[in-house]
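There are 2 protein chains.
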Amino acid sequence: MPKKVDHNMRREDLAKAAFRVIARNGLAAATLREVAREANCSAGSLVHYLKSKDKLLLEAAAYSTLVIRGRMLDIEDKYSGVEAIRRVLLAGLPLDENTAGHWKVWFGFWELSEQSPEVKKVLAERYAEALRRYGSLIRDAQEAGEVSADLNIPLLAASLSAFSDGIGVQALRGGMSPAKQKEAVNLWIDNMLRPKAKQASARSK
Amino acid sequence: MPKKVDHNMRREDLAKAAFRVIARNGLAAATLREVAREANCSAGSLVHYLKSKDKLLLEAAAYSTLVIRGRMLDIEDKYSGVEAIRRVLLAGLPLDENTAGHWKVWFGFWELSEQSPEVKKVLAERYAEALRRYGSLIRDAQEAGEVSADLNIPLLAASLSAFSDGIGVQALRGGMSPAKQKEAVNLWIDNMLRPKAKQASARSK
Numbered sequence: 001m002p003k004k005v006d007h008n009m010r011r012e013d014l015a016k017a018a019f020r021v022i023a024r025n026g027l028a029a030a031t032l033r034e035v036a037r038e039a040n041c042s043a044g045s046l047v048h049y050l051k052s053k054d055k056l057l058l059e060a061a062a063y064s065t066l067v068i069r070g071r072m073l074d075i076e077d078k079y080s081g082v083e084a085i086r087r088v089l090l091a092g093l094p095l096d097e098n099t100a101g102h103w104k105v106w107f108g109f110w111e112l113s114e115q116s117p118e119v120k121k122v123l124a125e126r127y128a129e130a131l132r133r134y135g136s137l138i139r140d141a142q143e144a145g146e147v148s149a150d151l152n153i154p155l156l157a158a159s160l161s162a163f164s165d166g167i168g169v170q171a172l173r174g175g176m177s178p179a180k181q182k183e184a185v186n187l188w189i190d191n192m193l194r195p196k197a198k199q200a201s202a203r204s205k
Numbered sequence: 001m002p003k004k005v006d007h008n009m010r011r012e013d014l015a016k017a018a019f020r021v022i023a024r025n026g027l028a029a030a031t032l033r034e035v036a037r038e039a040n041c042s043a044g045s046l047v048h049y050l051k052s053k054d055k056l057l058l059e060a061a062a063y064s065t066l067v068i069r070g071r072m073l074d075i076e077d078k079y080s081g082v083e084a085i086r087r088v089l090l091a092g093l094p095l096d097e098n099t100a101g102h103w104k105v106w107f108g109f110w111e112l113s114e115q116s117p118e119v120k121k122v123l124a125e126r127y128a129e130a131l132r133r134y135g136s137l138i139r140d141a142q143e144a145g146e147v148s149a150d151l152n153i154p155l156l157a158a159s160l161s162a163f164s165d166g167i168g169v170q171a172l173r174g175g176m177s178p179a180k181q182k183e184a185v186n187l188w189i190d191n192m193l194r195p196k197a198k199q200a201s202a203r204s205k
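If you read the sequences in order, they're chains A and B. When you line the first sequence up against this note's numbering, it's residues 1 to 205, in that order. When you line the second sequence up against this note's numbering, it's residues 1 to 205, in that order.
Since the hints were derived computationally from the structure, they do not count as laboratory data. Warning: the hint list may mix true and false statements.
[As the list claims (entries may be wrong)] Some chain B residues near chain A, calculated using beta-carbon distances under 8 Å:
id, residue
1, Gln170
2, Met176
3, Lys180
4, Leu187
For clarity, every value in this text was computed on a predicted model and none was experimentally measured. Ideal Cβ positions, reconstructed from N, Cα and C, are used throughout, including at glycine.
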C-alpha cells in the first residue's frame, strides 16, 4: 500500500476516511494511523489536519450528518404526513450495515461529549436539529388532518428523539434485529400518533 | 491522604470505589489511580484485583446492578399492575444525580462492549434481565385486567427497553430534564399500554 504526502488533500476526503474507520469498528478502536492508511496519506500529514480524537470524530460526524440529513430531506420532498415521519425515522435507524456505521459515529458523541466541550456543543446542535425536524413533521401531519390536533408536539418530538436513540442502542448493543426495529417503529407511530385513517400508509409509493 | 496496602481489602469496597469514580465523571475519565485513591489503597494493590478498564467497569457494574435491581424488586413488592411498570421504569431513569451516576456506568458498557467480549456478555445478560422484567410486569398488568389482553408483550418489552435507554441518553447527553422524563414516561404508558381505568394511579400510595 503506497503512502504519499498529498498537500492538496481535501478535508472532505479525510472526513470520509475518518468516517469509514469509525463506522467499521467504533471510535474507541479508531486511530489516527488507521485513518491515515484509509486516506492513503502519511500519519504526519494527517495530524496536520486532525490533531486529536475529538477532531477525528467531529470531521467524521460532519460527513455523517450531511449524508443522513440528505436522506431525510429527500424523504421530506417525496412523502408527507405520517408516512414522512415513519420514513424519516426509519432512515435514521441502523437497519443495515451502512447506517449502523453512522450510529457508531453517533455513539462516539456520547463517549466524548463529557470530556470535550466542542463535541458537546455539536451534539447539542444535532439534537436541536432532530427536535425541530420531528416537531415540524408531526405538525405537518397535524395540519394535514392525519393525526389529532391536541397532540403535545414538543413532548412527542422529545419522545421520538429518545425512541430513536434507544432503538439505535438496542440494535447495536442489544442485538435488536432490523425486523424488530421496524415493528417497534410501527407500534410507536400507531400508538403515540394514532393516525386517523389508513390513507397514511396508502400514500406511500 | 494516607495510603495503605490492605490485604483484606474486600472486593465489594473496590467495586463501590470503582462505581463512585465512574459515576462522577464517566468511564473515559476514570483511572485505576483515581479508584485506588477513592478506595484508600495503593495503586499497586488495586491492580492486583482490577487488572484493566474492563474489570473496573465490570466490578462497578456488578455493584450498580445490585442497587438498581434491589430498588426495582422493592417496587415490585409494593406495587402491582401499571403502577408497578411506571415506578420500575422511573426507578431506572436518571431523575437525580445518584441514578445519573448509574447511567454513566451503563454508558461504559456501550463504550467497551465492542472491544471486550466479557463486557458484551454481561451487557447481554442485563438486557435479557430487563426484557424479562418488563415482559413479566406487562403480563401481570394484563392478568390484573388493567391493560388489553391483545398487547404484543415481547415487542412492548423491547420497546420499553429502547425507550428507557433513549431517555437515559437524552437525559445525560441531550439535557432532558427530570420533569420531561416523567412526562415522557406517562405519555408512553398512557399511549402504549392504554390502561383501562383510573384505578391504576389510584392504587399508588
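Hint-by-hint comparison with the structure:
1. Gln170: OK, holds: Gln170(B) within 8 Å of chain A, min 5 Å.
2. Met176: holds, 6 Å
3. Lys180: Hint holds; Lys180(B) Cβ to chain A Cβ min 6 Å, cut 8 Å.
4. Leu187: This hint holds: Leu187(B) lies near chain A, its Cβ roughly 6 Å from the closest one there, short of 8 Å.
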